[in-house]
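Novice: Once you have looked at the hints, place chain B on chain A.
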Amino acid sequence: MATALSRKDFVSDQEVRWCPGCGDYAILAQVQKTMPELGIARENIVFISGIGCSSRFPYYMNTYGFHTIHGRAPALATGLKVTRPDLDVWVVTGDGDALSIGGNHFIHVLRRNVDLKILLFNNRIYGLTKGQYSPTSEVGKITKSTPMGSVDFPFNALSLGLGAHSSFVARSIDVEQKHLGEMLKRAHAHRGSAFIEILQNCNIFNDGAFDDVSDKQIKAEHQLILEHGKPLIFGKNRDKGIRMNGMRPEVVKLGGEFTEKDLVVHDETNFPSAFMLANFEAPMPTPLGVFYAVARPTFDGAMNKQLGDAKTKMGAGDIKALLHRGDTWTVN
Amino acid sequence: MAVRPEAAVGNVAGSSKLGGEANGTAEAKPSEQRDHVVIRFAGDSGDGMQLVGMQFTTESALAGNDIATLPDFPAEIRAPAGTLAGVSGFQLNFSSSEIFTPGDEPDVLVAMNPAGLAANLEDLHPNGVLIVDKDAFSDSNLKRAGYSSNPLTDHSLDKYQLFQIEITRLTALAVHDLGLSNREAFRCRNFYTLGLLSWLYQRPIESTVAWIEGRFKKTPELLDANMRSFRAGYNFGETAEMFVSSYKVGPARIAPGFYRNITGNSATALGFVAAAIKAGRPLFLGSYPITPASEVLHELSGYKNFPVYTFQAEDEIAGVGAAIGAAFGGAIGITTTSGPGLDLKAEAIGLAVKTELPLVITDVQRAGPSTGMPTKPEQADLLTAMYGRHGESPIPIIAAATPSDCFDCAYEAVRIAVKYMTPVILLTDGQLANGAEPWVVPDPDKLAPIKVEFATDPNGFMPYTRDEKTLSRPWAIPGTPGLEHRIGGLSSENLTGNVSYSPANNELMVRLRARKIAGIAREIPPTEIFGDPDGSDLVVLGWGSTFGPIREAVKQLRAKGRKVSQVHLRYLNPLPPDLGEVLHRFKKVMVAELNMGQLLKMVRAEYLIDAIGCNKIQGRPFKVSELTGRIGRALEG
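Residue numbers (my numbering), protein chains in the order written: chain A, 1 to 332; chain B, 333 to 969.
Pulled out of the complex, with its shape left as it was, chain A reads as follows (with noise of 0.2 angstroms):
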């Protein structure tokens, strides 16, 4: 059943209500795209989000979906996935949902490595309450809570999901729909919670914040495309490529001075790698992929694993012998 469906078979009967011009669009049309080549039945699906704009999503998916409530869309989710390993369970967050009220509930999720495939759209601002600073948004951020500048030092999203020790990270953005596509096969095939930060334009209310990795005239200097076991090679004519000099990465010039040779070869297994990739600032470019992927036993897995044992060790559950137990009496 599962081979036969496509994208329309995920598309519920709910009117889309983003805004026009909403990067929630690209990804929301890409994930339906993606999901009929992920061979699940659609009954075994369920979208669980928190709220946001982002956390609208599962209405337009014509899948399980449950809209809960704001930060604990991964809670909601854990529950879920424990009791139910059978089901395949995303959860779609935003800056706000995932990072601010939710921030407790995201780094724990991760540490334990449920096996959730969670979505983060990152459009580093507050859409849905019209328009304040999020944790993601950069200092001095005029907004409407904000009129002097924001004083707030953000987060970066995959630098902390790496902190919690996340199994699986990448990053893609809105626009790039056959990059994201590959990132949501990736995410899938992984077990454990996979995490993927996408950049996603609010052409409302932070119209432009991704230009540069965006903007088709001056993407490719910016956009670094990570692929594992191939040098960390970018720019236009693909003439740039990133190398260490002692610990800290450089961009540096090929054809010269430089060769491939010289360059950092992508290792997805590669933890302290992944921290550095992740915190890359200007003048470097923006790593797009997956920057972490190793396995670790997941939560879910352990636990049911456990109650199997406890089965196996004990028997099945008997109430009367529950009840029987310990220091007893009878009164005739």
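Mixed in with the good hints there might be a few duds.
Said to hold, decoys possible - No farther apart than 16 angstroms at their CA atoms in a straight line, the calculated lysine to aspartate or glutamate pairs in the EDC-like style are these:
#	chain 1	residue 1	chain 2	residue 2
1	A	320	B	439
2	B	580	B	439
3	A	320	B	775
Calculated directly from the structure, the hints in this document are not laboratory data.
Specialist: Frame of chain A; chain B shown alone:
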């Protein structure tokens, strides 16, 4: 409280050997009969007083007594040694007749140090038995407890039967050749004391012997030390020229049945497991550790094979959130907490109200506000349970009256949650949680059925259609082909569940959910009146753990010819449909509760009855004497 007035006289036949050699040797001294005895053990929080109390309770239950206990300990695990802040107490009432409370004041006070004496002496009856560890009354300990002179020598204790025993030295002697450190030897004092009291009250000691053997199986030297201390204490009572006689408290007239001793938190855990088994679904507990609820998490974590999932979440919100997620997937989702946690869970509970998913929230109430007194009981969360969420979000509320009643209430909470597709709040409190009583173990086959029927038919399926009788919506779980649908916290259209901001639809949905909860009243059995069914001068209305003291107070007053009755509520929302009519049969209605008058407000609002409040907010249960006094004054007023 296992004893019922109609109970036949029963013969006690324990499953472990009773009345063995130890009891036999005690016969060397004469033994006096007592109807009941209230003992309070008091010492430092590191002295093992709770352990001694629980073991003495088990011995007494196995001796066939009716029992009621009141553990009373500080929130600090180890407050500075020897200080009043660090005093840990355990009170036990054991009786050959029916009892309802742990006793107002102790007949016997066991004080392991000056602080234990100072903190508890005012409660001891004049001429009460006072047993102290003489060795602990050092100058430094006296100073830490605030004594300027030694009460053991300054005649301030002359009105009590004072027994000064060198418990520390005698314990050290009993274990002197085992190579223990002074500290390790000192820690055996509690078993010495337990042994002494076990002799004094002719307790069967096999259960304690077995407990020591099991607990210290892996450390033979500690097993030996504690066993020797226990036996040394027992033998001291028998041989020392100190106690003229021992005391016997005979078996109570107990209803026939299979018994065990149980605390409220244990009973709560077992009720949930039993309900999940009956429902044929896995149990999922999402919880964050909090006093005094954590024991439910501990206990359930040992029942994985049933299957029971226990998830120690990162916070209170994640605990309830995960339980809602599990319920969405078809498990029996529950969360356990105390007051501060109930506050934090409010928004998530509202989501379960709106999405109409089954969920049980257990609030083991403690004294507030804020952090309050974490180990002390109170009943001040009733209105939070009723109204502590934004918007119109009615929730069924059930309250347990005794430790063993926690089993029935937990079970009933799950039954209602599943049948009506709604979150249910179960209220217990710190006193029920840690208090113990004999429990007639129920026959699982006779528990009410809990029927779970998931929706499976895609034909015409909509998430918010309703059962005609219960108004509950279908439980349609992920993994069911053709039922794919979306639910959420946004206002949603009747039947389809699609997001809707229609004003009329919103009111319709709010009213439908309210009607669904109100309809649960149909299932509530007729209100029982203890006393005068046709009404008389005054009825005391209560709920929760105040059952015992109110019952005892009403009994005492009725024995004096006062026309007083008792009505005790298990169902607080919705209230029993006949309650208003029942209360109107009485000239006066007094609402007794451990808060500022929360049920009182509900009763006044619901029935327009000018009820009288009887309130206490001290983190302690009502004393029977307080209630008889207040009721007496109300009758006169």
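Novice: Work down the list of hints and note, for each, if the structure agrees.
Specialist: Hint check results:
1. 320(A) - 439(B): At roughly 38 angstroms apart (the allowed maximum being 16 angstroms), residue 439(B) and residue 320(A) break the hint.
2. 580(B) - 439(B): 14 angstroms, holds
3. 320(A) - 775(B): 7 angstroms, holds
Going down the numbered hints, you'll see the structure goes against just number 1.
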